[in-house]
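Mind docking chain B on chain A? Use the hints.
Chains as they are written, first to last, in this note's numbering: chain A, 5 to 252; chain B, 5 to 357.
Treat the hints with caution; some may be incorrect.
[Stated by the list, open to error] Covered by chain A, according to a simulated footprint, are these stretches of chain B (three or more residues, beta-carbon under 8 Å):
| id | segment |
| --- | --- |
| 1 | 191-197 |
| 2 | 225-233 |
| 3 | 316-322 |
Hint data in this document are derived by calculation from the structure and do not stem from the laboratory.
The model shown is predicted, which means the values in this text are computed figures rather than measured ones.
No residue lacks a Cβ here, since even glycine has one placed at the ideal position from N, Cα and C.
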Amino acid sequence: MTTPESSPDKVARVRRPDVVRHGPDRSGGAAKPVPRPPAPSVGEPINEAVASAVRMGYDVVAENIKQGRLAAARFRQGEYSIRDVPGDVESLAKRMIDLARELSTTTFDVVERLLRDPGPGDPTAKASPFYPTPDPNARKSPPPTPDSPLMTVKCQFVGTPRAVLRSAMFARPRLPIFADAHIASEPLKSTIGARAITDVTFSTDPQTGVLVVSVGLSPDQAAGVYAGLVTVAHQDWPMGVLAIEVLA
Amino acid sequence: MTGAWPELEGLAPASAIEMSGVLSAYGAATRGAVQNYLVTDTPAPFLDDLLNDYPARGGKMMRPSICIANARVFGGRVEDAIQCAAAVELLHNGLLIHDDIQDASELRRGRPTLHALHGVPLALNAGDAMIFTALIPLIDSLRSLGPHVAARVLDVSMVMARQTAEGQALELGWRDLNQTDLGDADYFRMVLKKTAWMGLIWPAQLGLLIGSRGNADPQSVVRFGFFVGTAFQIEDDLRNLSDDPGYGKEINGDLYEAKRTLMLLHVRRACNARERTRLDIFLALERDQRSDDEVLWLAGLMKRYGSLAHAREIAGAMAGAAAHEFLLTYGRLPPSVDRSFVAGLIPWIFDRS
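One chain only, chain A, in its complex shape:
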């Protein structure tokens, strides 16, 4: 893989600058940008050229993911929740058709197929899974930041006394997980020194795909606010904080 001695292009060996980092950039572009390594020159030993190619590959992906996240942040103003989905699916489907048109020139019966589903305002919409009845009192989900999309979470309480969810802002895990096997909560500790709640389990609602937190309460649980850190296996940072209030 070296330039032949006879080549008029033969130049002195180029010394590569010291590497800026020693591992792949997994920040999706959120971290400080690093300069791209130069293309491997012909005079380099092959293993150095190959290592450079792999680094280059990671940079290409990181750059692409960053661009995708910026585009997604511009496109999507709020995180998906079940209540947002009807409008989102409709607008996504329309964008899909527009993209297909950009790639193509002939229209087909796809639009008809899409239109066969009633819109949210249609009186028959209740029959369609795409358009569940909107709750006028529903709180809009908070807008996500591009690098920490939030998850929709449902909380259910088992036993007495009554309790309500106060806060469950969970960041989506970066790697695929199974909720029951990989998500755990620290004991929910009381702000007034009452006995902590340890029966906290996680699962996935098979109908909606929403993360479900189940909190088991015992009758003698003292009223008050309880909170605990929620962690996910093999991830260095917590998913978020679960806070509930046990009512008197």
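Just chain B, lined up with the frame of chain A:
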């Protein structure tokens, strides 16, 4: 095969025979679903025969199998993913028709390309129809997936459509403008968009979303898909220059098309000034002006300067990075035939026949 990729030790990547078995099973299921969308009660003249042509010629069925296997790896069933798998295969075939026109290719899967048989206008129309037909199983699948998963499936599909169009535009633009000052990073960027996204990343994302019921992060398979896709593309490019370029492909077809491959970028950097001038003249010609002698000269030049060995080394390194990414993304998931299939894609890139 795990000796080459220590990351795969203990993860039981499927052997070539096992890969073939999974591809055959999931491929047959997908073909059945595809046929449901291609067969009509009232066949349209000059269209339906053309639509059925490429799917009937066979193919590896790698893309739909990746979709189904990922769905199962993440907890789903074959029947949950079959419509999305059909969408993947239909879209792939539609894009092949367009690619063949844009590349002026003569052969596809052992037979003349669709535009060579029927002319460009009819082939183009069939490609358009196939792309739109691909949307139908995708939309059908949304009904059964539920709104949460449906929104995310459409989301990743839109990203794929855009990435694929950008990748194709890059490659065509480089050739049309005879751009020669390209580096390896430019090649990787083009492969990420043109090959990896539609061929590996999107099918895996669809499967992941279906299997996990929308809970797993589709971003988590991007790096694995990119590295497998890049190794796959480099190996494809190398095979094109060999005596056995693959089923139904022209020997040295990429040289006739002046395709910007790693080998071409390398040889242009490596050769001397006189050779570079001759190479640039060759690249500036139209496809039908490139003579057999000049193509053979360029193939020889690549061998002489070690461009093939260089590309082979990089393909191996990309496969190594893919093994590393596999471990990160799939390593903690329960062992299964499907996980072995996904792991087995890495050695299969080089072993496939």
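Violations among the numbered hints: Structure breaks no hint.
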